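J.: Please work from the sequences and hints to get the whole structure.
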Amino acid sequence: MGLKIGIPRALLYYDYFLLWNTFLESLGVEIVLSQKTNKDIVNNGIKSAVEETCLPVKVFLGHVHNLAQKKVDYLFIPRYISVEPRRFLCPKFMGLPYMIKHLIPGIPPVLNVDIDMRKQKGELPVEMYRLGRLFTFNPWKIRMAYRLARENQKSFKKMMLQGFLPEEVFFNGTEKSKALKRTVLKENDQDRNVLRIGLIGHSYNLYDKYINMNILEKLQEMGVQIITSKMFSEAEVNSGLKKLQKDIFWTFGKETIGSAFYLLEERITHGIILLVSFACGPDSIIMDLIDRAYKRAGIPCLTLVLDEHSAEGGVITRLEAFIEMLKWRKQKNEGYFSTHGKPVDCPESPF
Amino acid sequence: MKVTFPHMGNLWIALKALFEKLGHEVIPPPPVTRNTIELGVRYAPEFACLPLKVNVGNFIEGLEKGAETVVMLGGSGPCRFGYYAQVEREILKDLGYSFNIIVVDPPMGDWQRFLQDLQPLGNGCGWREVWDALTLAWEKIKALDQIHRTLLKVQFYNPRVTWKCYDHAVKAINGVDDKKLLQRATSEGIRKLALFSENQNGTFAPLKIVIVGEVFMMWEPYVNLDLEKALGGMGVEVIRSAYLSDWICDNVLFNPRHMLRRIKFKKAAKPYLNCFIGGHGWESVGESVLYARKKIDGIIHVLPFTCMPEIVAQSILPAVSRDYHLPVLTLSLDEHSAQAGFLTRIEAFVDLIRERKQITA
Chain A
1 MGLKIGIPRA LLYYDYFLLW NTFLESLGVE IVLSQKTNKD IVNNGIKSAV
51 EETCLPVKVF LGHVHNLAQK KVDYLFIPRY ISVEPRRFLC PKFMGLPYMI
101 KHLIPGIPPV LNVDIDMRKQ KGELPVEMYR LGRLFTFNPW KIRMAYRLAR
151 ENQKSFKKMM LQGFLPEEVF FNGTEKSKAL KRTVLKENDQ DRNVLRIGLI
201 GHSYNLYDKY INMNILEKLQ EMGVQIITSK MFSEAEVNSG LKKLQKDIFW
251 TFGKETIGSA FYLLEERITH GIILLVSFAC GPDSIIMDLI DRAYKRAGIP
301 CLTLVLDEHS AEGGVITRLE AFIEMLKWRK QKNEGYFSTH GKPVDCPESP
351 F
Chain B
1 MKVTFPHMGN LWIALKALFE KLGHEVIPPP PVTRNTIELG VRYAPEFACL
51 PLKVNVGNFI EGLEKGAETV VMLGGSGPCR FGYYAQVERE ILKDLGYSFN
101 IIVVDPPMGD WQRFLQDLQP LGNGCGWREV WDALTLAWEK IKALDQIHRT
151 LLKVQFYNPR VTWKCYDHAV KAINGVDDKK LLQRATSEGI RKLALFSENQ
201 NGTFAPLKIV IVGEVFMMWE PYVNLDLEKA LGGMGVEVIR SAYLSDWICD
251 NVLFNPRHML RRIKFKKAAK PYLNCFIGGH GWESVGESVL YARKKIDGII
301 HVLPFTCMPE IVAQSILPAV SRDYHLPVLT LSLDEHSAQA GFLTRIEAFV
351 DLIRERKQIT A
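Going down the list, the protein sequences come from chains A and B.
Using the working numbering, the first residue of the first sequence is number 1, and each one after it goes up by one.
Using the working numbering, the first residue of the second sequence is number 1, and each one after it goes up by one.
It should be emphasised that the hints constitute simulated quantities derived from the structure, not laboratory data.
Computed from a predicted model, the values in this text were never measured in an experiment.
Check before you lean on any hint, since a few could be wrong.
As the list claims (entries may be wrong) - Derived DSSO-like pairs (lysine-lysine); straight-line CA-CA distance at most 27 Å:
| # | chain 1 | residue 1 | chain 2 | residue 2 |
| --- | --- | --- | --- | --- |
| 1 | B | Lys357 | B | Lys153 |
| 2 | B | Lys16 | B | Lys2 |
| 3 | B | Lys93 | A | Lys243 |
| 4 | B | Lys192 | B | Lys16 |
| 5 | B | Lys21 | B | Lys179 |
| 6 | A | Lys242 | B | Lys93 |
| 7 | A | Lys101 | B | Lys267 |
| 8 | B | Lys264 | A | Lys101 |
| 9 | A | Lys101 | B | Lys294 |
| 10 | A | Lys119 | B | Lys264 |
| 11 | B | Lys2 | A | Lys246 |
| 12 | B | Lys357 | B | Lys295 |
| 13 | B | Lys270 | A | Lys101 |
| 14 | A | Lys295 | B | Lys93 |
| 15 | B | Lys266 | A | Lys119 |
| 16 | B | Lys93 | B | Lys16 |
| 17 | B | Lys270 | A | Lys119 |
| 18 | B | Lys16 | B | Lys229 |
| 19 | A | Lys4 | A | Lys39 |
| 20 | B | Lys266 | A | Lys101 |
| 21 | B | Lys179 | B | Lys2 |
| 22 | B | Lys229 | B | Lys164 |
| 23 | A | Lys141 | A | Lys4 |
| 24 | A | Lys119 | A | Lys242 |
| 25 | B | Lys267 | A | Lys119 |
| 26 | B | Lys93 | A | Lys246 |
T.: Below is the structure:
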């Protein structure tokens, strides 16, 4: 029996799990996941974190607690500094392994992996090789594992573009997975009656059902077609970014603002929902920029701020009100959107 | 051009000298007050950090006073500060101000763009004049920091009078626009302040507290609720872990002596945090360890609420505190921080340190 390595089901798990899973499993390592996010996990996380930390990081700490009880040999918490040239991830990700070491005493040792692709793209294989050497002495085996992992990651990204949910892809493959059906969006005229909504946020907020209070399913139940910020190709995001005067230096920020601006330009949605976790540093600025752009263009935009105190009832009410409003104004006047500060009934300001 | 800029401690004196030398009309925003912060809070994003809100307040007040051009520093991440200017421009645009913003972004290898951005600030001056203006501003920054350092060494003897002397010296530095006069004003100020320690017979040993943390919160007295003055009033010798001149030496001039210091703090921080995390987070941890090895009695860590790098530092500092048996107080400040509650916490902290020192002594 090989080593047992624990991966917390939080943060970048939703983006890179398949990569690490394929790589480590083909080197004969057993992967142990933490449970799905639940109340205990969140509470444990809150207890050990500094109060001001954002919810996703608190949840991450909770998952580490959960793994610590599962008797794993190592924890796999890579330090993500940067995943593409000239861009960083959030500072909290950069300090995450250190934070965990000092906040949660008595956890299994953490595997030390640095992901830094700021300067060159060749960094990753070197780091993966270093990681692979821990489990096997056969460089060929590591190379094959890396290739397979990269292939899987590529196909995973493709599936994300089509609107599959990451967890379903990880465990079921494509056959059984439900997709959010992005394809329909492109053929605008096909389905005129359906409301289309952009759901913009980080992957760990979009896809963690507990954190976001199952917003995806709730919206689908309301008969709304969703397009998430993960469903945009690099080219689409980049075309959205052209509106900015200064290149953005956060990878997630680039994704969110690029996709939101792309939606704004193409006018394929009737409104967007911004999913932010409270105290998220990059988002405090980026979501404000998005919000301002949408207000100027006159397209409704709802900001949902998530934290450990958000209650499901309040969120449902706000979602329902938002959807009602969108439906109403869609019937009234295709071209007119009531936005902040203007009543729905009169396109011209009464003042 | 009528130029305005954000406040950060005494920075405005240096910037005023710089832009006046370049032939601009300078309209410094009024000092940071309750009103500034209220304006900022009203228009800035809800959970942006406090410096952004203060900036926005400064700009609004500056533009109201008649400024036309806003000068702001940029950055390359991952701290939010690098994107401040972009948001601030959008906020002011939505408020309907007509203005011009000049963002001083680091060149990142593209010197042509960098110089192009700065060209309007040059105002057609020759290289020599630009050099003179820059060196004058730099000398002023150094002089102000030097005086402040001297002040911190003596303020606990007599807070009221020393601060008066300090304000006087700062005013004198603001008034001069010549390097020789500046030198004279500085040494005069330092001499006066140094008198306070000469009159003592050296029996009084004050508690030593180091302030680490986010630089804006360290340097702008209004937002840190006059932390240094308050501590001085309690008979504490305050050591500020970083000054603006240090920051410039570290990040702009790459001064060799400072580079050595950086290597030292990186080594010290290694067991706790071994990478750059943006902003001042790494420095906070490293400097805390370096100071902890010296004979100090406590550390106060200041940060604006939700500051990303400092939250990482805040999570790690308890470990430093444990390992070096040194009390650490973290003060997370935002627009809701109130003087009374704040003072109570500091007093309690100082009392604790004092008791501790008496027991161990």
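J.: Regarding the pair Lys266/B and Lys101/A, is the alpha-carbon distance no greater than 27 Å?
T.: holds, 18 Å
J.: Is the straight-line distance between the alpha-carbon of Lys16/B and that of Lys229/B 27 Å or less?
T.: holds, 25 Å
J.: With a cut-off of 27 Å on the C-alpha distance, tell me whether Lys16/B and Lys2/B pass.
T.: holds, 11 Å
J.: Tell me if the straight-line CA distance from Lys229/B to Lys164/B falls inside 27 Å.
T.: holds, 12 Å
J.: Below or equal to 27 Å on CA atoms is what counts here, so check Lys101/A against Lys294/B.
T.: It holds: about 26 Å lies between the C-alpha atoms, which stays within 27 Å.
J.: Between Lys264/B and Lys101/A, is the straight-line Cα distance small enough, at 27 Å or below?
T.: At roughly 23 Å apart (the allowed maximum being 27 Å), Lys101/A and Lys264/B satisfy the hint.
J.: With a cut-off of 27 Å on the C-alpha distance, tell me whether Lys4/A and Lys39/A pass.
T.: Between Lys4/A and Lys39/A the Cα gap is close to 25 Å, so the pair holds against 27 Å.
J.: Quickly compare the C-alpha distance for Lys141/A and Lys4/A to 27 Å and report which way the hint goes.
T.: holds, 19 Å
J.: Next pair to validate is Lys93/B with Lys246/A; report whether the Cα-Cα distance is within 27 Å.
T.: Cα-Cα ~16 Å, so holds.
J.: Regarding the pair Lys242/A and Lys93/B, is the alpha-carbon distance no greater than 27 Å?
T.: holds, 19 Å
J.: Quickly compare the C-alpha distance for Lys93/B and Lys243/A to 27 Å and report which way the hint goes.
T.: Holds: Lys93/B and Lys243/A sit about 16 Å apart, inside 27 Å.
J.: Between the alpha carbons of Lys267/B and Lys119/A, is the straight-line distance 27 Å or under?
T.: holds, 24 Å
When held up to the earlier numbered hints, the structure conflicts with none and fits them all.
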